[in-house]
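Q: Sequence:
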Amino acid sequence: MICLGLNSQQSEAMRTTEGPLLILAGAGSGKTTVLVNRIQYLINDKKVHPENIVAVTFTNKAAKEMKERINSKIVHPEIQNLTLSTFHSLCLNILKKESHMTSIVKSNFKLYKPEDCLTVIKQCIKDLGYQYTKKNQDSYVNPASILGTISTFKNEMVNAQCLIKEQRENEYQDWDKILEIIETYSWEELQVIHKVYSLYEERMDKMNALDFDDLLFKVVEIFMYHPDILSKYQEKFQYILIDEYQDTNRVQYIFSKLLAAKHKNIAVVGDDWQSIFSWRGADIRNILSFDKDYPDAKVVKLEQNYRSTQTIIQAANELISNNLNQKDKTLFTKNKAGEKIKLYRAYSEHNEAAFIANKIKELREAAGYEYGDFAILYRSNRKSGLLESTLNQSNVPNKVLSGLSFFERSEIKDLIYYLRFISDPNDPIFMQRVINVPKRGIGGTTLDKIVNLSQSQPLLSILQDPKDLTRINQNTKKGISDFYKLINKYYEMSKRTSVSQLLESLVKELQLVKTVYFNDDKKKRKDREEAIEQFLVIAKEMDKKNSNLTLTTFIEELVLDPGSEESNEGYVKLMTMHGAKGLEFPVVFLVGWDKFTFPSQQARTEFEKEEERRLAYVGITRAEYDLYITYPDTLMVRSKTGFLEERSVGMSSFIGEFDSKLIKTLETTYF
DNA sequence: ACGGGCGTCTTTTTT
DNA sequence: AGACGCCCGT
Numbered sequence: 034m035i036c037l038g039l040n041s042q043q044s045e046a047m048r049t050t051e052g053p054l055l056i057l058a059g060a061g062s063g064k065t066t067v068l069v070n071r072i073q074y075l076i077n078d079k080k081v082h083p084e085n086i087v088a089v090t091f092t093n094k095a096a097k098e099m100k101e102r103i104n105s106k107i108v109h110p111e112i113q114n115l116t117l118s119t120f121h122s123l124c125l126n127i128l129k130k131e132s133h134m135t136s137i138v139k140s141n142f143k144l145y146k147p148e149d150c151l152t153v154i155k156q157c158i159k160d161l162g163y164q165y166t167k168k169n170q171d172s173y174v175n176p177a178s179i180l181g182t183i184s185t186f187k188n189e190m191v192n193a194q195c196l197i198k199e200q201r202e203n204e205y206q207d208w209d210k211i212l213e214i215i216e217t218y219s220w221e222e223l224q225v226i227h228k229v230y231s232l233y234e235e236r237m238d239k240m241n242a243l244d245f246d247d248l249l250f251k252v253v254e255i256f257m258y259h260p261d262i263l264s265k266y267q268e269k270f271q272y273i274l275i276d277e278y279q280d281t282n283r284v285q286y287i288f289s290k291l292l293a294a295k296h297k298n299i300a301v302v303g304d305d306w307q308s309i310f311s312w313r314g315a316d317i318r319n320i321l322s323f324d325k326d327y328p329d330a331k332v333v334k335l336e337q338n339y340r341s342t343q344t345i346i347q348a349a350n351e352l353i354s355n356n357l358n359q360k361d362k363t364l365f366t367k368n369k370a371g372e373k374i375k376l377y378r379a380y381s382e383h384n385e386a387a388f389i390a391n392k393i394k395e396l397r398e399a400a401g402y403e404y405g406d407f408a409i410l411y412r413s414n415r416k417s418g419l420l421e422s423t424l425n426q427s428n429v430p431n432k433v434l435s436g437l438s439f440f441e442r443s444e445i446k447d448l449i450y451y452l453r454f455i456s457d458p459n460d461p462i463f464m465q466r467v468i469n470v471p472k473r474g475i476g477g478t479t480l481d482k483i484v485n486l487s488q489s490q491p492l493l494s495i496l497q498d499p500k501d502l503t504r505i506n507q508n509t510k511k512g513i514s515d516f517y518k519l520i521n522k523y524y525e526m527s528k529r530t531s532v533s534q535l536l537e538s539l540v541k542e543l544q545l546v547k548t549v550y551f552n553d554d555k556k557k558r559k560d561r562e563e564a565i566e567q568f569l570v571i572a573k574e575m576d577k578k579n580s581n582l583t584l585t586t587f588i589e590e591l592v593l594d595p596g597s598e599e600s601n602e603g604y605v606k607l608m609t610m611h612g613a614k615g616l617e618f619p620v621v622f623l624v625g626w627d628k629f630t631f632p633s634q635q636a637r638t639e640f641e642k643e644e645e646r647r648l649a650y651v652g653i654t655r656a657e658y659d660l661y662i663t664y665p666d667t668l669m670v671r672s673k674t675g676f677l678e679e680r681s682v683g684m685s686s687f688i689g690e691f692d693s694k695l696i697k698t699l700e701t702t703y704f
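The opening position of the first sequence corresponds to residue 34 in this note's numbering, with each subsequent residue numbered one higher.
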């Protein structure tokens, strides 16, 4: 088969179907095209059944994009049997199928979001006699950082017991790395971590809850202890494809390795230059040493960039060449030199935002760009607010992506937590979020009492008859009773009605905007009503798509993929550089490239600094034609004494890392 | 003693 | 936007 439109490396990556294959795909080298072609080739030419292929991506966005391209390109009666999903949802499905075969997870487990886990952690910290507020106190334990640490250990397949023993528990652990992590903590810190981790495990287990990291960890445990189950999946998934391999962490790496052990038809795609998730446990060594794991691996390099101008590629190459530990490859393009990279020094963050708003309007009028051609990328979400409001003031249509999504809106969150509590009315975490929404006279103290009591008796029975709660006043009692009646009603209803019907009557009964958000101005209230209406539409659509949609499945989908936001055309897109990975835009603004914010002050080790540089590389290579880099000269910074002060910062060191001939410095102006 | 309203501080990056 | 501390009303 001659495949027009693929260069020889791309074509080779497509045709090498048997045995291990490493595809090193530079930015903009047509990676997704190759993957889709490869799947098509497997199905049409190699006659592989779609059900025997699994393609794993990192983000929902990537999975969605690939699905769309496969559906429009590949015609096959059983194409829906192809498994294409993120690591997490793949593992969720495996766990749901296998939970009855093993004691590793209970059937009917539920999934906790990070914020739910944080609530659990806080309670653990408190119950162990530490404090999670008041930073200056001796007994202070930072819940977020403990949760991060637990996540790190779970990614390394270390449970609480294994942590305290400090002994390798199974052959899949990378014990050197684990020791390295352990060494970053003092003995005292480690004791605290161990105590909280143990209690956290116990509580999660008791509530029958799994966190995101458990999804992978538990599947690998099942594979380890049930060879029959593993072999079933090895037979099913004979052809394995893993995208963004440079972002895999240990447990994902082991998962892939176990799955591929039998047939060894594993193709991984990645770019070590774009590895930006090590803070989440991603281990760049997984891609760097793929050829050591599979000595007969074939390596294909996709080095031609089809996305960007010469200038952009040259700048990106010069920047990344400052990193030492990386695979030897190049990135080149046959595209035109194009525009120079524009550099703008702003007086302040306001001035920076105003410049961008102005420039977008100007380019749209003078250069024929649409609003949808622009993207503004920042290091941290903190930056989105100012940019968003400045663009709004200038009447530039825009959308903040990947930040606070639709499902993060508080009225939608209220409803989701109601649904979650209805789906499991014995869950104290879900209850806490809704018991006093709207106000029912139940405050922190009563809540604590209820939660404490729920350790020894079913939550629902406490709410039904709060006789064991000491000293509660009439008003509070009434509130609890009202809440119980409400939940009980919908709990019963959920057994019979569809998700959307349930949600619809819940929305009608709660009247959230009237009862909770009555203090908002008119416009905001209308906005909330519309969001709720939109949520109802989403529920209806999901009901329609899946005629036996259960409340549990509905919730799982929302938890695991809350960002199913359409990348709307006609809007300027705002997102983090992390969020922009895999995307491309005709015109890109990289904002906040000042010394203080980028590279991040938190990045202290050489390794972390290199990761910041890779992030810069990702940012630069998102641009097709026109790239703007901006930085504020002064920044409002909180000093150590706690006061906000204006500090003069200056430009990021990264800007000096590429040839100044590539840069055109723009004049600083007031707007 | 308890709930609720209001002011103040803080926020890397994400499945 | 959320979490938390402080103060006032019941």
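Since the hints were made in silico from the structure, they are not lab data. There could be a bad hint or two in this list.
Here are the simulated lysine-lysine pairs, DSS-like style, with alpha carbons at most 30 Å apart [stated by the list, open to error]:
1) K369 to K130
2) K143 to K80
3) K80 to K297
4) K432 to K555
5) K375 to K100
6) K80 to K392
7) K446 to K106
8) K577 to K472
9) K694 to K375
10) K290 to K146
11) K577 to K555
12) K290 to K100
13) K394 to K143
14) K331 to K97
15) K446 to K577
16) K100 to K155
17) K106 to K331
18) K392 to K432
19) K559 to K472
In this text the structure is predicted, and so the values were computed from the model without any measurement.
Q: Would you mind confirming whether the straight-line C-alpha gap from K331 to K97 stays at or under 30 Å?
A: Within the cut-off at roughly 28 Å; holds.
Q: Next pair to validate is K143 with K80; report whether the Cα-Cα distance is within 30 Å.
A: Violated - the C-alpha atoms of K80 and K143 are around 38 Å apart, more than 30 Å.
Q: For K392 and K432, compute the direct alpha-carbon distance and say whether it is at most 30 Å.
A: holds, 17 Å
Q: Is K375 within 30 Å of K100, Cα to Cα?
A: Not satisfied, since the Cα-Cα distance of roughly 36 Å exceeds 30 Å.
Q: Given the hint that K559 pairs with K472, test it: the Cα-Cα distance must not exceed 30 Å.
A: With a Cα-Cα distance of about 21 Å, the restraint between K559 and K472 holds, given a limit of 30 Å.
Q: Are the Cα atoms of K394 and K143 separated by 30 Å or less?
A: This hinted pair is violated, its Cα atoms lying about 48 Å apart.
Q: Given the hint that K80 pairs with K392, does the C-alpha gap stay at or below 30 Å?
A: This hinted pair is violated, its Cα atoms lying about 52 Å apart.
Q: For a C-alpha distance cap of 30 Å, please report whether K290 and K146 respect it.
A: Distance of about 27 Å is within 30 Å: holds.
Q: Decide if the proposed pair is consistent with the structure: K290 and K100, CA atoms, cutoff 30 Å inclusive.
A: holds, 24 Å
Q: Run the distance test for K577 versus K472: straight-line Cα separation, threshold 30 Å.
A: violated, 34 Å
Q: Taken at face value, is the distance from the CA of K155 to the CA of K100 at most 30 Å?
A: violated, 39 Å
Q: Need the status of pair K577, K555: alpha-carbon distance at most 30 Å?
A: violated, 33 Å
The structure is inconsistent with the numbered hints 1, 2, 5, 6, 7, 8, 11, 13, 16, although it conforms to all the rest.
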